[in-house]
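Given next are the chains, with one letter for each unit.
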Amino acid sequence: MSPTLPSLSRRGVLGLLGAGALTVAGCAPSAGGSGGTKGVSDDGVKDFTFTGWSLNEAATKKPLADIVAGYEKSSGAHVRTVSYPYNDYLNQLLLQVRGGNVTGVAQCDGAWLATLKATGKLTDLGAIAKGAGYTDASLALGQVDGTQYGLPWTSGAIGMVGNQTLFDRAGIKAVPSTVDDFEAMLVSLKTLGNGIVPYAAMTKVDQLKDIIPWMWTFGSPVVDNGKVTVGDDGSVEAVTWYKKLYDRKLIAPALDRFDARALFGQGKVGVYEDAPVGRGAVVAAAKDKSIADHLTPFARPVQAKGDKPVAFAWGGVLVVLQGKGSGAAAKFARSVTADQATSAGYFVRTGNPPTTTRALADPKVTADRFVSDFGKRVTVTARTDPFWAYPQYAQIEQALATQVQAALTGKSTPKQAMADARAAMQKLVDG
Amino acid sequence: MTAATAAPERTAAREVPRRAARRRGRGARTGALAAVVVIGCFGLLPVYWLVATAFSPTGDVFAFPPHLVPRHVTLAHFDNLLHTPKLLRYLVNSVVVSLVTAALSVVVSAYCAYSFSKFRYRGRRSLMYLVLSSQMFPQALLLITIYLVFSATGLLNSYLALVLSFATFTLPLCIWMLKGFFDTIPDELIEAARVDGAPNRVIIHRIMMPVAAPGLVAAGLFAFIRGWNDFIFALTLAGPDRQTLPPGLVNTYVGEFQTAWPDLMAASLVTSLPVVIAFVVLQRHLVAGLASGAVKG
Chain A
363 MSPTLPSLSR
373 RGVLGLLGAG
383 ALTVAGCAPS
393 AGGSGGTKGV
403 SDDGVKDFTF
413 TGWSLNEAAT
423 KKPLADIVAG
433 YEKSSGAHVR
443 TVSYPYNDYL
453 NQLLLQVRGG
463 NVTGVAQCDG
473 AWLATLKATG
483 KLTDLGAIAK
493 GAGYTDASLA
503 LGQVDGTQYG
513 LPWTSGAIGM
523 VGNQTLFDRA
533 GIKAVPSTVD
543 DFEAMLVSLK
553 TLGNGIVPYA
563 AMTKVDQLKD
573 IIPWMWTFGS
583 PVVDNGKVTV
593 GDDGSVEAVT
603 WYKKLYDRKL
613 IAPALDRFDA
623 RALFGQGKVG
633 VYEDAPVGRG
643 AVVAAAKDKS
653 IADHLTPFAR
663 PVQAKGDKPV
673 AFAWGGVLVV
683 LQGKGSGAAA
693 KFARSVTADQ
703 ATSAGYFVRT
713 GNPPTTTRAL
723 ADPKVTADRF
733 VSDFGKRVTV
743 TARTDPFWAY
753 PQYAQIEQAL
763 ATQVQAALTG
773 KSTPKQAMAD
783 ARAAMQKLVD
793 G
Chain B
27 MTAATAAPER
37 TAAREVPRRA
47 ARRRGRGART
57 GALAAVVVIG
67 CFGLLPVYWL
77 VATAFSPTGD
87 VFAFPPHLVP
97 RHVTLAHFDN
107 LLHTPKLLRY
117 LVNSVVVSLV
127 TAALSVVVSA
137 YCAYSFSKFR
147 YRGRRSLMYL
157 VLSSQMFPQA
167 LLLITIYLVF
177 SATGLLNSYL
187 ALVLSFATFT
197 LPLCIWMLKG
207 FFDTIPDELI
217 EAARVDGAPN
227 RVIIHRIMMP
237 VAAPGLVAAG
247 LFAFIRGWND
257 FIFALTLAGP
267 DRQTLPPGLV
277 NTYVGEFQTA
287 WPDLMAASLV
297 TSLPVVIAFV
307 VLQRHLVAGL
317 ASGAVKG
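Residue numbers (our numbering), protein chains in the order written: chain A, 363 to 793; chain B, 27 to 323.
Bear in mind the hints are in silico, worked out from the structure with no lab data behind them. For each residue, glycine too, the CB sits at the ideal point set by N, CA and C. Treat the hints loosely; a few may be bogus.
[Unchecked claim] Label-pair restraints from in silico Cβ distances:
1. 428/A x 159/B: 32 to 38 Å
2. 649/A x 62/B: 35 to 41 Å
3. 115/B x 710/A: 26 to 32 Å
4. 400/A x 159/B: 52 to 58 Å
5. 670/A x 97/B: 43 to 49 Å
6. 179/B x 670/A: 52 to 58 Å
7. 63/B x 431/A: 52 to 58 Å
8. 118/B x 618/A: 54 to 60 Å
9. 764/A x 111/B: 42 to 48 Å
10. 602/A x 74/B: 41 to 47 Å
11. 609/A x 63/B: 34 to 40 Å
Please work from the sequences and hints to get the whole structure.
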């Protein structure tokens, strides 16, 4: 009914808002890079604000409220909570930070850290992280240019998850280790019929960045020392292979992760890619809840035997914003992320894997077969998305995704599409 | 014989084109009916799907292929609403903000529109287009500017912030809508009142405003719905305590990993009732107001 902006979709409006917020952040005199980074100082203020998207989500709301209440009781601090929906979170946080209207601790997706760092309002948490026992991989999730801006809260990977029931029905004895085996497995799954999508790979532009690990698999570094290498043999081969799966209907058009989870939950998908915490959404969408017992995580197949499998690193951190109460906020962030009982308890209730070696070894965590297997088979192969280092990472990945989709739909050849993608991406990387 | 047979032949000859015309008429009516049904389905299917999803168990919602008619019916999602008290707060905020926006828009735009329509002064036309030009800016750009201004003036996280920001969009359109309406009211009415010695104040409030009531209702409804539906301004400017329904519902039901579609649909169904009721009650005025303002003369 709204008559405003008939020519702009909501996505467009939000994108513009994000770009505007970034511009405001970038142009403001106090905004800056690492030069403005301050460590945390205890100013004696006990109360602070906790901003996040998990504070209001059905799966995490109650466990988080309990953690906050417990901390308030033990520390005597008052924690004010502010929540924004995940999809709008970064834009809102950027505006609030630039407007000087938010301090304290804030939840941050690993992908957004460089963007948030560009505001110049994050504190260096290196001293706070010391001795907390975080794993190296999870610590890396909270770093930009070597500085520890975030304390890792949950960390894992986005990896392959199979439906063991369908594997058994298709006579698949072992999960595939090479791309050829994988393709053969998809063909077997396809023969089951009944509308089953053998591999619910991402084919919507929003999440087509998932092709990057396949490009790694086929030997492309994707980006190397600030030089985009998309368009090289490995990336073209990966897109050509992806298109082959698309043309043979082994992957389906216009799928995103939300669709993939819902279809997987209905037993209509053989393999899809997700973080371990996505299991909750799969089970919620399933009529037969026992599907939780049939999830099989496995490492991404490699091009040739002996190659190392790869996966996208995934996770979230807590950052502390400069301003009143930053010392108290940092103590809270460390308690939430590194206290063994807190993080293991949070895992049990939400499925978010913890980030310290002690919590990962906690019986509550190790007793979970799926997460334990996922950690051993997938998380160990995780590599950080190389574009997360750039504040404009979303636009860079959008440029890649648009061209991959052009290749999939036949509007361009894989070679031409990747050459076009490289030109657009390099322009964005160079700023 | 000739005369006797010629008459029925003439009648029969006249009947043929009549029957053809009737057939054409029936064909046109059937075509129109089919078009109405198709367009109606197109418009109502999303509403039907909202209702069907609200009453379906979660497992059924994601069934593939989907069921057009729910196989099982549940009230569990409506029961969940009762255990989500903050929805009531969002609802109250939405009602307050939308009503105040509508009232403010109607009052201010009525005077502006009357001035534009019935007075002639230097710069009138430029001013009219200046008012309209605020509609040409992307919403997000205005939002950033408004955010910074409200932040500097301490207006953030208040009802006033929402009302003022909504008014930036509702006022221009309400002014233009009401100007069109006032243009249809003959100037002779004003002149007759003047002859009777009525001052401007009386002419505006006692004569023009009652005549313009359908237009005022239409403008008010438009502003109300605009305030009710807004997402991005409310999300950015309202803060947690003044959040309205659209961001509140998204914040509650749309998550990082999943969306609680049945709960969201149940909440949407319940919370849309006030607008539906207002629309049903006032639709006569809305149609009259929009139609009258649509043509000049």
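| task | Just pull the numbers of the violated hints for me, sorted ascending. | result | Numbers 1, 4 and 8, in rising order.
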